[in-house]
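Chemist: The chain contents come next:
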Amino acid sequence: MDYSLDLGAVTRNFGPLLEGLWVTIQLTLAANVIGLVLGFVIALLVMSRVALIRVPATAFVEFFRCTPAIVQIVWFFYCVPMLFNIYLGSMTMGIVALGLNLAAFNGEAYRAAIQSVPREHRDAAVALGLSPLQSTLHIILPTAFRLAIPVLLTNGIVIFQQSALVAIVAVPDLMYEAKSLATKTYRPIETFTIVALVYFAVSFPISQLVGWLERRRSVAMA
Amino acid sequence: MELDFSIVLRFADALAYGLWLTIRLTLICIITGGALGFLLALARRSKNRLLRGASTVYVEFFRGTPVLIQLFWIFFCLPIILGVELSSFVSGVIALTLYTAAITSETFRSSLGTVSREQIDACVALGLPARVQVTSVVLPQALLRAMPTLLSNTISLFKESSLVSAVGMADLMFVGQNISNNTARPVEMLTAVALIYFAVAFPLTRAVSVLEGRILRKLAA
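Residue numbers (numbering that gives the first Met the number 0), protein chains in the order written: chain A, 0 to 221; chain B, 0 to 220.
No lab work stands behind these hints, which were simulated from the structure alone. Predicted model, so just to flag it, every value in this text is computed and none were measured. Incorrect hints may appear among the rest.
Unchecked claim - With a straight-line Cα cutoff of 20 Å, these simulated SDA-like cross-link-like pairs (lysine to any residue) come out:
id: 1; chain 1: A; residue 1: 183; chain 2: B; residue 2: 78
id: 2; chain 1: B; residue 1: 217; chain 2: B; residue 2: 166
id: 3; chain 1: B; residue 1: 217; chain 2: B; residue 2: 79
id: 4; chain 1: A; residue 1: 183; chain 2: B; residue 2: 77
id: 5; chain 1: B; residue 1: 217; chain 2: B; residue 2: 146
id: 6; chain 1: B; residue 1: 46; chain 2: B; residue 2: 133
id: 7; chain 1: B; residue 1: 46; chain 2: B; residue 2: 109
id: 8; chain 1: A; residue 1: 183; chain 2: B; residue 2: 75
id: 9; chain 1: A; residue 1: 183; chain 2: B; residue 2: 79
id: 10; chain 1: A; residue 1: 183; chain 2: A; residue 2: 7
id: 11; chain 1: B; residue 1: 217; chain 2: B; residue 2: 114
id: 12; chain 1: B; residue 1: 217; chain 2: B; residue 2: 198
id: 13; chain 1: A; residue 1: 183; chain 2: B; residue 2: 166
id: 14; chain 1: B; residue 1: 217; chain 2: B; residue 2: 138
id: 15; chain 1: A; residue 1: 183; chain 2: B; residue 2: 76
id: 16; chain 1: B; residue 1: 46; chain 2: B; residue 2: 119
id: 17; chain 1: B; residue 1: 46; chain 2: B; residue 2: 117
id: 18; chain 1: A; residue 1: 183; chain 2: A; residue 2: 6
Next up, chain B with everything else stripped away, as it sits in the complex (with noise of 0.2 Å):
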């Protein structure tokens, strides 16, 4: 067969739209699940133990399941609990959000743990309320420490939400598939596609593996 790449040139237009929406359900996601990973963080080191027991059964299970069950759950099944219409690109926020805060809960336990016993006794030797102690000496060296694995969170949220398009919401996946269906040249369009991802995903791994060096030898210092 004959192979004309050209082809994916005069699609551009809609595969940067693709793109972007993939791009922006990455960003989102990760910063909410990225905060609410943080907290599930903190309620899994908790002394108590409802708050430990149910943390923990939330990240096992978002980790013990497929993604693409837990998308097809929050689209089909939510709406029907909650009674509302959710439009897709919240329900697709919603679900890549659980799933990350699992994901990057996972992350801030380990830096967590790296924070030293003897801080946060001087936290209580200096009478720091535990607000305080949380957001000016915990989470400042936990984020610090946690940087190049959250970046490598952030890489594989960009590839899961790839999962999105098969509940029909229009990203790079959807666009490049549903155009490889319509014009019939699959091997140009999802090679292209698989080329888009690889393009930002690539350059991010290298990043991290710099980051790593930067902060170990900071933290060494």
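Looking at chain A on its own, in the form it has when it is part of the complex (with noise of 0.2 Å):
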């Protein structure tokens, strides 16, 4: 191979590179709070008894977990302003799209995690004469919350890695960064690589965390 290596062609460019990476950090905590929270409520909706709101609820976690993240977001940023006459910045619209695609993940995850809410706190509930608002907020949230820990953080990495998507429709995250670096300065071996070790740097610690948590719980529950 007669490419010899040369690492100065990044260290040089770290500046860009780090603002990727502050761009792909803030789409994921963003997308993170939107699946966190609206994940929730789409598991109670899937859940409701009434068929009008379960069916669409359905619809949407299938829908998302059916289809290619890609996909929903090059549909995202060409058909919502086309659709709805509405351009809402790149950025935000990036985390929309992560954010939708997260809670409908997240929706599962907490659907698995309310249904091993064990009967007698919602018969305890209801003899304490707790409303049902009241008995979702303060006793199947908190733990279910606690169950689905795991499953919310590895969906949360996922999203990390998603993110990198972004690029493909120029929103100028890590992925976007390396991939006009590469291209600016014929040094594709360096670039990438240093970027996948950058993005293996953030999610692995994240993934030990939750092996780290999985194997407490496990040694809780025997």
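Starting from two chains that each stand alone, build the complex the way the hints lay out.
Modeler: Dropping the structure here:
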């Protein structure tokens, strides 16, 4: 191979990469806020006894789970402005698209967790005369949230990685900066390797944390 | 604006061509990636520390980075390193195989864990060589238990394969986006593409649930 490695090409251009990483982190955090809140609401809607509520909510979840994230993002960027005549700025669009995707996946995580909240807890809430809203907020949500944490965290990391897709619609995230740096400097090996390591350095500690939480739980359950 | 979905039908052939590439990629890579994933799962349970460490790093790395950057790496860096031109189909297959291997190895790892210790002891008692032990005792059981998750992995791969459109492979996503750009009809075309992906993936997710129930009942019996 007559290609000599030159890490300088990347280290001299660390500024744009750091800005890109910051955009990626903002996208991830904001999408997670939407995903955590909206996901819980969706889980409740999916479990509703009223078919008129349950069916659209289920369709939402299945649709986001059964189509590629890249299709959702491109669809969002091209079609929402045309259909509804609104344009929100590429950052906001990216956040909403990723957030809705995450909400569908988190909805399933919450649903599994809510279904494993012991029946007795709900009976106790009724016996104490709590209103449905009170028992949802004070009994079901805290327990379900705790049970769902490992899956919610895993989904959060997945969205961190999926956020690289917004580079395709020209949001200047880490992936986008990597692509333009690789093109500008003709240093694809150095750039893509270092950027891959940056992604890894963020997601690996969180996935280790998930593993630790799960081991701790299985010990606590035993 | 006025929507005219009949435009989708005019491009049915092109979309079918794209879908066919997507399906071929998915099928090839689930087989090659699954095979590599099984070997990786064995390596992760090996007594050899070097083998265990290397396979763990591999799996964590491919699970911890975006598939998009893995694709870019294979497309732009691998030809420079190897010094040979790779066709885009070959590059796509390599990238998705490596990624799928990391995902399926986790599936196999948990299903290998359910093959009980006694069965391995029995193999030793019968004097079976290690290779026969793997191919005739461990693999069939691990494969059966891993089936529903493997099918889920296949559905994920079917969706993830749409990323190859970003490096210019004419899969379903690429064809759809291309037509939508050229006809200025993104709403109709992109919606159609999303619905096609959905129409393939959704029935498969239902099949996974059915299969899961069957296998659980079979194993319980």
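Chemist: Compare the structure with each hint and give your call.
Modeler: Taking the hints in turn, this is what the structure says about them:
1. A:183 <-> B:78: 19 Å, holds
2. B:217 <-> B:166: 44 Å, violated
3. B:217 <-> B:79: Violated, at roughly 51 Å.
4. A:183 <-> B:77: 19 Å, holds
5. B:217 <-> B:146: 13 Å, holds
6. B:46 <-> B:133: 15 Å, holds
7. B:46 <-> B:109: 17 Å, holds
8. A:183 <-> B:75: 14 Å, holds
9. A:183 <-> B:79: 17 Å, holds
10. A:183 <-> A:7: 14 Å, holds
11. B:217 <-> B:114: 15 Å, holds
12. B:217 <-> B:198: Violated: residue 217 of chain B and residue 198 of chain B sit about 29 Å apart, past 20 Å.
13. A:183 <-> B:166: 17 Å, holds
14. B:217 <-> B:138: Answer holds: residue 217 of chain B to residue 138 of chain B is near 17 Å, not above 20 Å.
15. A:183 <-> B:76: At roughly 15 Å apart (the allowed maximum being 20 Å), residue 76 of chain B and residue 183 of chain A satisfy the hint.
16. B:46 <-> B:119: Since the Cα atoms of residue 46 of chain B and residue 119 of chain B sit roughly 15 Å apart, the hinted pair holds (cutoff 20 Å).
17. B:46 <-> B:117: OK: residue 46 of chain B and residue 117 of chain B at ~18 Å, within 20 Å.
18. A:183 <-> A:6: Roughly 14 Å between the alpha carbons, so the hint for residue 183 of chain A and residue 6 of chain A holds.
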